[in-house]
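There are 2 protein chains.
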Amino acid sequence: MAEPPVSPAPPPAETPAAAPAAEGGEDGGVSKKAAKKAEAKAKKEAEKARRAAERAATAAASGSAAQTEDLAKDNYGQETHETKLSADLVEVNVKTLGDEHVGKSIKLRAWIQNARMQGAKMAFVELREEGNWSIQGIVAANPEGTPVSRQMVKWVGAINPESFVVVEAKVQKPLEPVKSCRVTNYELHITKCFVHAAAPTVLGMTLAAANRPVANFSDEEVPVEQEVEKLTIASAGETTGTPAASMLTHLDNIVMHKRSAVQQAIADIRGEMKELYRSYLRSHGFKEFEPPCLIGAASEGGANVFRMPYFEKEAFLAQSPQFYKQIEIAGGRKRVFSVGPVFRAENSNTPRHMTEFTGLDMEMEIKDDYREVVHVLEGVLFHIFRNIQERCPEEIALVRSVYPSEEFLLPEPGKEVRLTFAEGQKLLREEGPEEFRNVTDDEDMSTPQEKALGAIIRKKYNTDFYVLDKFPEGARPFYAKEDPANRKVTNAYDLFMRGQEICSGGQRIHDPVELEARIRTKGIDPTSPGIKEYVDIFKQAGVPAHGGGGIGLDRVVAWYLNLPSVHLAAFYPRTPKRLLP
Amino acid sequence: MAEPPVSPAPPPAETPAAAPAAEGGEDGGVSKKAAKKAEAKAKKEAEKARRAAERAATAAASGSAAQTEDLAKDNYGQETHETKLSADLVEVNVKTLGDEHVGKSIKLRAWIQNARMQGAKMAFVELREEGNWSIQGIVAANPEGTPVSRQMVKWVGAINPESFVVVEAKVQKPLEPVKSCRVTNYELHITKCFVHAAAPTVLGMTLAAANRPVANFSDEEVPVEQEVEKLTIASAGETTGTPAASMLTHLDNIVMHKRSAVQQAIADIRGEMKELYRSYLRSHGFKEFEPPCLIGAASEGGANVFRMPYFEKEAFLAQSPQFYKQIEIAGGRKRVFSVGPVFRAENSNTPRHMTEFTGLDMEMEIKDDYREVVHVLEGVLFHIFRNIQERCPEEIALVRSVYPSEEFLLPEPGKEVRLTFAEGQKLLREEGPEEFRNVTDDEDMSTPQEKALGAIIRKKYNTDFYVLDKFPEGARPFYAKEDPANRKVTNAYDLFMRGQEICSGGQRIHDPVELEARIRTKGIDPTSPGIKEYVDIFKQAGVPAHGGGGIGLDRVVAWYLNLPSVHLAAFYPRTPKRLLP
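Going down the list, the protein sequences come from chains A and B. The numbering used here puts the last residue of the first sequence at 580; the count rises by one with no breaks. The numbering used here puts the last residue of the second sequence at 580; the count rises by one with no breaks.
Since the hints were derived computationally from the structure, they do not count as laboratory data. Hints should not be assumed to be uniformly reliable.
Treat identical chains as interchangeable: a pair holds within one or across any two.
Calculated pairs, PhoX-like style, for lysine-lysine (alpha carbon to alpha carbon, straight line, at most 20 Å) [unchecked claim]:
hint: 1; residue 1: LYS94; residue 2: LYS366
hint: 2; residue 1: LYS273; residue 2: LYS286
hint: 3; residue 1: LYS106; residue 2: LYS120
hint: 4; residue 1: LYS333; residue 2: LYS106
hint: 5; residue 1: LYS487; residue 2: LYS286
hint: 6; residue 1: LYS103; residue 2: LYS487
hint: 7; residue 1: LYS312; residue 2: LYS576
hint: 8; residue 1: LYS286; residue 2: LYS94
hint: 9; residue 1: LYS366; residue 2: LYS72
hint: 10; residue 1: LYS106; residue 2: LYS366
hint: 11; residue 1: LYS120; residue 2: LYS425
hint: 12; residue 1: LYS531; residue 2: LYS72
hint: 13; residue 1: LYS72; residue 2: LYS450
hint: 14; residue 1: LYS273; residue 2: LYS94
hint: 15; residue 1: LYS172; residue 2: LYS521
hint: 16; residue 1: LYS450; residue 2: LYS94
hint: 17; residue 1: LYS531; residue 2: LYS450
hint: 18; residue 1: LYS106; residue 2: LYS172
hint: 19; residue 1: LYS425; residue 2: LYS273
hint: 20; residue 1: LYS576; residue 2: LYS425
hint: 21; residue 1: LYS576; residue 2: LYS72
hint: 22; residue 1: LYS273; residue 2: LYS72
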């Protein structure tokens with residue numbers, strides 16, 4: 000196994016500079032093969048440098064004078080647990096740097112985003128703390144060689160990008176605004192610099208590549224040779240740009256993938272959406288509970304379920320917490336919600352599917368009408384959409400700068416769009432594309448139909464978010480409550496964003512006699528494993544009318560931002576072909 | 000499959016009363032066998048009642064007059080979607096009932112907790128809305144038979160406990176405080192009563208039994224005959240009480256288990272603790288992320304890991320989110336936390352173990368010293384302990400009334416107890432029981448040792464919560480960072496409640512060279528599956544020093560309340576023998 004290239008040790012005297020800054024710097028190095036080749040080369044050079052350093056050290060130790068004494072030798076190098084900065088330094092955050100810091104010596108812990116020499120006596124570095132919060136650092140040799148020597152400048156200018164450093168520096172105002180960093184009105188005049196953790200000489204994927212839109216989402220491995228060729232062509236055509244990498248390359252270089260500002264912005268938006276979901280429901284009387292992932296029986300016929308040996312038994316992974324949400328209601332909780340993983344063993348390799356995703360589920364007693372549930376689901380999603388824009392305006396703008404999208408349109412309060420399924424089909428017949436002229440009210444909608452309907456609704460009602468209610472009986476599972484006034488349809492609904500389903504729900508049958516009858520109508524044996532346990536819940540004691548819904552968090556994030564794939568919204572996307580990292 | 004007994008239809012005339020109130024009512028019926036027998040009997044009676052009702056209806060329809068006309072016949076019965084209460088009723092919650100409601104007609108949806116006749120013209124019911132919020136209802140026949148007839152009284156008095164009803168009633172002040180209900184200063188004079196969802200004639204477990212402390216936590220099935228016998232003996236010896244049921248009976252009757260006030264109180268406390276965990280970390284700059292459950296390689300040697308077929312591969316269930324927390328830090332997030340399920344395929348059948356439990360995990364960059372992490376972990380737990388008492392005083396008191404426990408002792412701020420592992424062993428040697436006189440500083444502690452130390456610390460420092468730091472090298476996994484000043488110990492710690500570990504954590508090795516060396520020292524091949532992927536993270540780019548910890552939520556809840564088993568703290572406990580419900 001290849002040892003990771005270590006950051007160069009500070010040369011004790013005028014030894015040749017250690018490994019140079021990453022070749023290709025910010026505009027290449029996304030293929031494994033190229034990275035390996037470069038790494039080998041870098042290793043050779045590092046080894047050369049190490050030997051030179053050893054020679055020089057030996058020379059110094061044996062008394063033969065080095066060419067120039069390095070008066071700054073204690074001010075840079077590899078950090079050890081004995082490294083000391085000046086006492087009483089203020090540790091700052093790049094984000095909160097202000098005029099009150101100007102002229103003061105501060106301490107900063109950050110990643111070297113870029114380092115370059117400017118002649119022999121000066122080096123510029125970009126120091127990044129979090130997201131895209133970067134600031135320019137300058138290290139300039141003092142004629143006296145203290146605190147900064149020419150050797151120190153050379154060493155700092157050669158630090159590998161994405162190494163983590165600790166610097167001591169004086170905050171100053173630059174002569175003109177710094178264009179290359181997010182912080183434009185301050186710069187850091189570095190007096191000490193220690194490498195806390197070194198990056199390899201060549202990164203598997205550069206930060207610039209990580210910040211480009213993902214080039215393709217195929218889970219199929221592209222042969223390395225072919226990919227290298229593709230990259231070369233892309234680079235040649237686009238001299239100033241950075242070639243985009245595939246999702247596979249991003250996942251193989253997960254650390255750099257996550258260091259990209261765009262992924263951090265997506266993660267922040269996701270986190271806030273989740274919190275908005277919880278806080279809204281909590282403030283509306285919902286209690287959080289935790290459904291299990293490991294279950295003893297596969298419900299809904301056992302299709303698309305992961306199964307595994309479990310001691311002397313077999314266990315399954317829950318496809319939905321619905322059964323458990325309903326037990327909570329049966330168990331006397333008025334309103335419950337959960338946030339957690341759900342699993343689908345579906346061999347679907349599309350930008351909309353994952354085998355593990357995060358479900359935002361809720362269930363509640365119905366007092367008079369199942370539309371009470373629809374209103375809560377609408378309410379929580381409106382709450383998310385209206386507040387996320389206020390909480391994360393910069394993050395949303397940043398994501399849009401990489402993945403351009405039209406603004407997510409919401410209706411005015413009171414003008415929410417709620418159509419019945421039949422009304423939706425009518426719109427498709429009357430205003431949709433040619434091929435949907437003959438859609439009927441009792442067949443389910445296909446994904447292309449849903450998208451076409453989304454486009455019609457956006458044009459007609461100026462909204463990207465709407466509800467489709469009263470799905471036909473045949474399109475819903477056995478537990479869906481039929482509309483007592485029209486048994487051809489159910490009290491079940493889907494919620495859509497940009498023409499794509501993000502939430503499915505409905506009123507459930509709470510009467511065990513009605514439930515068993517309907518299970519039989521659906522051609523299922525009510526005594527089969529999973530089904531029997533489900534029906535039994537409603538026989539244990541009287542269970543009030545209730546309904547709920549399940550929202551796919553990954554989809555909400557992805558479709559809100561109009562990302563090309565739900566995989567970009569997930570922290571660790573799981574697909575039939577991908578379980579790592 | 001047995002049909003569930005349906006609530007008796009309102010007799011159109013003086014037919015014999017339908018099924019009587021649950022036999023054994025509040026003090027029996029916890030065994031399956033007894034329940035089945037009783038259910039069969041109830042079915043027969045319900046069928047008899049149905050036939051009688053049919054006869055009477057036919058008689059009425061054919062014009063032959065019923066003995067007495069029931070003038071209240073529209074005011075009670077099985078609710079249908081055409082059932083109507085009076086217009087403009089105020090729907091109330093039992094909890095918020097006040098003097099402003101006295102004299103008014105209100106609507107209430109609730110469970111019948113108990114129903115009994117008082118002579119032929121009056122019935123008392125206990126109506127429970129949520130938790131133990133119950134109120135007394137009275138239904139008294141009016142001489143004119145309207146709105147309440149003798150038939151109606153009889154019918155209401157015979158409703159099966161745990162049926163869900165909708166009532167219309169007038170709020171009144173009782174002549175003297177009602178002792179049997181939580182609401183003592185109001186009662187409801189019922190004018191309409193409809194059964195929305197009927198409970199079976201005999202419950203699998205009564206509410207009273209569900210509210211008793213669980214009798215035993217063995218996962219082994221006790222033969223039904225034996226259990227019935229045991230119950231009979233218990234009932235005989237304890238004439239006024241209700242026999243306690245085993246955990247298996249509770250889980251087989253999950254609906255009644257969850258309807259018990261004690262389980263609802265535990266669930267509320269758990270929910271608030273979880274929220275306190277999140278809000279504290281969010282306010283301290285931590286970002287939430289979601290680690291995957293499905294992973295491609297089993298870390299830590301692959302022991303105790305669930306494995307399953309995954310398309311053409313094999314997948315494992317994550318035992319801990321640690322690998323992923325560290326990727327987040329490597330990926331540039333300063334501080335992260337997660338809340339989610341973790342899995343252990345450990346065949347441990349103890350009150351401290353489950354195969355699936357909820358992990359509260361966190362990880363953060365270390366600036367100067369790993370104790371920064373200890374302080375955050377301490378901080379978040381103090382935050383939980385100090386606030387839960389304020390948020391849930393009634394729930395805690397309620398749990399204590401069923402599972403008595405001493406108050407959970409906390410140190411004064413500034414007097415937190417942090418001992419080194421060596422100091423802990425010294426205390427055990429000097430002040431512990433005889434058998435721990437010779438414990439040494441380089442062996443790990445056993446559970447009995449931990450408990451003994453907890454008792455010493457409680458006595459000495461007046462706290463049930465403390466930290467043990469600097470665990471010996473041999474007691475910690477390969478990723479634990481050694482103390483640079485003393486390589487025999489690690490910068491790793493455990494946190495304890497009442498002498499039991501609830502959190503384990505430490506500083507991780509962030510340098511890949513150091514990490515590989517230590518993996519080899521531990522006798523592990525650094526290129527083995529799971530390990531290689533782990534080490535590679537630190538080679539992708541420079542990763543700053545970091546540390547974290549994982550808290551077991553189930554244990555925090557259980558040990559805070561001093562519950563006899565962690566299974567009581569879980570929503571759906573998973574053990575090697577139990578996957579249902």
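Results of checking the hints against the structure:
no.	hint	in the structure
1	LYS94 - LYS366	between (50 Å within a copy, 17 Å between copies)
2	LYS273 - LYS286	both (15 Å within a copy, 11 Å between copies)
3	LYS106 - LYS120	neither (23 Å within a copy, 84 Å between copies)
4	LYS333 - LYS106	between (53 Å within a copy, 16 Å between copies)
5	LYS487 - LYS286	neither (34 Å within a copy, 47 Å between copies)
6	LYS103 - LYS487	neither (75 Å within a copy, 41 Å between copies)
7	LYS312 - LYS576	between (27 Å within a copy, 8 Å between copies)
8	LYS286 - LYS94	between (37 Å within a copy, 17 Å between copies)
9	LYS366 - LYS72	neither (76 Å within a copy, 23 Å between copies)
10	LYS106 - LYS366	between (60 Å within a copy, 11 Å between copies)
11	LYS120 - LYS425	neither (74 Å within a copy, 58 Å between copies)
12	LYS531 - LYS72	neither (76 Å within a copy, 36 Å between copies)
13	LYS72 - LYS450	neither (65 Å within a copy, 53 Å between copies)
14	LYS273 - LYS94	neither (25 Å within a copy, 30 Å between copies)
15	LYS172 - LYS521	neither (74 Å within a copy, 52 Å between copies)
16	LYS450 - LYS94	neither (41 Å within a copy, 47 Å between copies)
17	LYS531 - LYS450	neither (37 Å within a copy, 44 Å between copies)
18	LYS106 - LYS172	within (17 Å within a copy, 70 Å between copies)
19	LYS425 - LYS273	neither (35 Å within a copy, 47 Å between copies)
20	LYS576 - LYS425	neither (40 Å within a copy, 53 Å between copies)
21	LYS576 - LYS72	neither (51 Å within a copy, 64 Å between copies)
22	LYS273 - LYS72	neither (50 Å within a copy, 50 Å between copies)
Hints 3, 5, 6, 9, 11, 12, 13, 14, 15, 16, 17, 19, 20, 21 and 22, counting from the list given before, are not met by this structure.
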